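A.B. asks: With the sequences and hints as input, model every part of the structure.
full-length UniProt numbering puts the first residue of the sequence shown at 1, with every later residue one more than the last.
The hints are simulated quantities; they were obtained by calculation from the structure and are not laboratory data. Note that this is a predicted model, so its numbers are computed, not measured. Keep in mind that the hints are not guaranteed to be accurate.
BS3-like mimics (lysine-lysine), calculated; alpha carbons at most 25 Å apart, straight line [to be verified]:
1. Lys35 / Lys17
2. Lys42 / Lys57
3. Lys17 / Lys7
4. Lys86 / Lys42
5. Lys42 / Lys78
6. Lys18 / Lys5
7. Lys18 / Lys4
8. Lys35 / Lys18
9. Lys17 / Lys4
10. Lys17 / Lys78
11. Lys40 / Lys17
12. Lys4 / Lys42
13. Lys17 / Lys5
14. Lys42 / Lys17
15. Lys40 / Lys4
16. Lys18 / Lys40
17. Lys35 / Lys99
18. Lys57 / Lys78
19. Lys99 / Lys40
20. Lys40 / Lys78
21. Lys35 / Lys78
22. Lys99 / Lys18
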Amino acid sequence: MRHKKRKFTFGRETAQKKALLRGLATNLVLHGSIKTTTAKAKALRTVVEPLVTRARKGGMFNRQRIASVLYTREAVKKMLDEIGPKYTQRNGGYTRITKIGTRPNDGADMARIEFV
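C.D. replies: Here it is in C-alpha cells:
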C-alpha cells in the first residue's frame, strides 16, 4: 500500500522523471531562475539543494557527484565556482519558490524557482 508515501511522479516512469529533474536542475543553475509548474518546482528543490551543499564543500568527490546530476560542464563549473561559495554562511534553504498564477492553456499552477 502507498499510504503516506509522498512522491512526485508526474505521470512518468522513473527514468523519464529523473531526466526531467536533471534538465530542470541544469537550466536553473545556468539561468538562475526558471518558470515551471509548482509541483515540478517543489520536486526540483529536493534535487538542487543537496547539490548546493556539495558545491559549498568542494573537492573532487563532490564535483563528480554534481557532474553526475547536471548535464553540462558549464553548469558544473558555475555551481562550483559561483553558486557554492555564495552560500558558505547559509545552512540550507538556497532556493525560493514564488507562485505566479495559472497557465492560460490548461490552468496548471505555475511558479518561479530561483536561488535566494
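A.B. asks: Each hint should be assessed against the structure and marked as holding or not.
C.D. replies: So, going through the hints one by one against the coordinates:
This hinted pair checks out: Lys35 and Lys17 have alpha carbons roughly 18 Å apart, not beyond 25 Å. Between Lys42 and Lys57 the CA atoms are separated by roughly 24 Å; this keeps the pair inside 25 Å, and the hint holds. Using a Cα cut-off of 25 Å, the hinted pair Lys17 and Lys7 holds, with the two alpha carbons roughly 11 Å apart. A hinted pair counts as satisfied when its Cα atoms are at most 25 Å apart, and Lys86 with Lys42 qualifies at roughly 22 Å.
Proposed proximity of Lys42 and Lys78 is supported: the alpha carbons are some 22 Å apart, at most 25 Å. Simply put, Lys18 and Lys5 have alpha-carbon atoms about 18 Å apart, close enough for the 25 Å limit, and the pair holds. Our distance criterion of 25 Å between C-alpha atoms is met by Lys18 and Lys4, whose separation comes to about 22 Å. Pair hint Lys35 plus Lys18 holds up; C-alpha atoms about 18 Å apart against a cutoff of 25 Å.
Distance restraint check for Lys17 and Lys4: the Cα-Cα separation of roughly 20 Å lies within the 25 Å cut-off, and the hinted pair is therefore satisfied. This hinted pair checks out: Lys17 and Lys78 have alpha carbons roughly 24 Å apart, not beyond 25 Å. The straight-line distance between the Cα atoms of Lys40 and Lys17 is roughly 10 Å, inside the 25 Å bound, and the hint therefore holds. Among the hinted pairs, Lys4 with Lys42 is consistent with the structure: their alpha-carbon atoms are about 17 Å apart, no more than 25 Å.
In summary, the hint linking Lys17 to Lys5 is supported, as the alpha carbons are separated by about 17 Å, within the 25 Å threshold. With a C-alpha separation of about 13 Å, the suggested pair Lys42 and Lys17 falls inside the 25 Å cut-off, and the hint holds. In summary, the hint linking Lys40 to Lys4 is supported, as the alpha carbons are separated by about 19 Å, within the 25 Å threshold. At roughly 12 Å between alpha-carbon atoms, Lys18 and Lys40 fall within 25 Å of each other, so this suggested pair holds.
For the given pair, Lys35 sits about 10 Å from Lys99 by alpha-carbon distance, which is consistent with the 25 Å threshold. For the hint linking Lys57 to Lys78, the alpha-carbon distance of about 14 Å falls within 25 Å, and the restraint holds. Our distance criterion of 25 Å between C-alpha atoms is met by Lys99 and Lys40, whose separation comes to about 12 Å. For the suggested pair Lys40 and Lys78, the alpha carbons sit about 22 Å apart, so the restraint of at most 25 Å is met.
Our distance criterion of 25 Å between C-alpha atoms is met by Lys35 and Lys78, whose separation comes to about 20 Å. Distance check on the hinted pair: Lys99 and Lys18 sit about 23 Å apart at the alpha-carbon level, within 25 Å; holds.
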